[in-house]
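> Letter by letter, the chains look like this.
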Amino acid sequence: DAKTTQPTSMDCAEGRAANLPCNHSTISGNEYVYWYRQIHSQGPQYIIHGLKNNETNEMASLIITEDRKSSTLILPHATLRDTAVYYCIVRVDNDMRFGAGTRLTVKP
Amino acid sequence: DTAVSQTPKYLVTQMGNDKSIKCEQNLGHDTMYWYKQDSKKFLKIMFSYNNKELIINETVPNRFSPKSPDKAHLNLHINSLELGDSAVYFCASSYTQWDRAYEQYFGPGTRLTVT
Chain Z
1 DAKTTQPTSM
11 DCAEGRAANL
21 PCNHSTISGN
31 EYVYWYRQIH
41 SQGPQYIIHG
51 LKNNETNEMA
61 SLIITEDRKS
71 STLILPHATL
81 RDTAVYYCIV
91 RVDNDMRFGA
101 GTRLTVKP
Chain F
1001 DTAVSQTPKY
1011 LVTQMGNDKS
1021 IKCEQNLGHD
1031 TMYWYKQDSK
1041 KFLKIMFSYN
1051 NKELIINETV
1061 PNRFSPKSPD
1071 KAHLNLHINS
1081 LELGDSAVYF
1091 CASSYTQWDR
1101 AYEQYFGPGT
1111 RLTVT
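Keeping their order, the protein sequence lines are chains Z and F.
Heads up, the first sequence is in my numbering, so the first residue is 1 and it goes up one at a time.
Heads up, the second sequence is in my numbering, so the first residue is 1001 and it goes up one at a time.
What the hints contain is simulated information worked out from the structure, not anything from laboratory work.
Don't be surprised by glycine CBs; every beta carbon is placed ideally from N, CA and C.
Do not rely on the hints blindly, as some may be mistaken.
Reference excerpt, derived from the structure (chain F facing chain Z, CB under 8 Å, subset only) [said to hold, decoys possible]:
| id | residue |
| --- | --- |
| 1 | Phe1042 |
| 2 | Leu1043 |
| 3 | Ile1056 |
Using the sequences and the accompanying hints, generate a full structural model.
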């Protein structure tokens, strides 16, 4: 079973930042936080991951709270193509458990 | 292009038949996986193979059997297909290291419909 809690759905205006929250209050010290997304019926796409520090790449930023019990994925300038289901996953090994995710809809 | 590829993209078959789905990755990864996404859109891991060894085997029926001829391929064989096997099946691959988890890269999926 997934060890994370995410809102079922969110909307975001095109060009604005999309902030997607995730709660993982039972995360253990060696578990990473991973974010994936699935656009329509395509295969899930890796976005970013982190352990303790905030991370940034060309797709997004990941902010992890100091106690590591929650995190936020930030898409700085959302486009219509970012409409997808976003999954937050905590894991330490290859056993990756997907929850229901957050359905993000970017609106013009 | 470097990627994870699957064939076929669509597969329609009748109950009781035996079918296979092929997966290939050219990313140099040492671990490959099969996931099932049902009609409710939940993604569940079925198998993973690392260096030709099965390291995760969820509670899937033994009608499903993964076959890995080499590190770059992990095929999924399904015997005696049932209506409930209808789903989208995704292949994925990653590196494996004992002390950390690596990102997994997914294929485009195979939509299996059993009639």
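> So, for every hint listed, does it hold in this structure?
Outcome of the hint check:
1. Phe1042: Hint on phenylalanine 1042 of chain F: holds, closest Cβ of chain Z at ~7 Å, below 8 Å.
2. Leu1043: 4 Å, holds
3. Ile1056: 6 Å, holds
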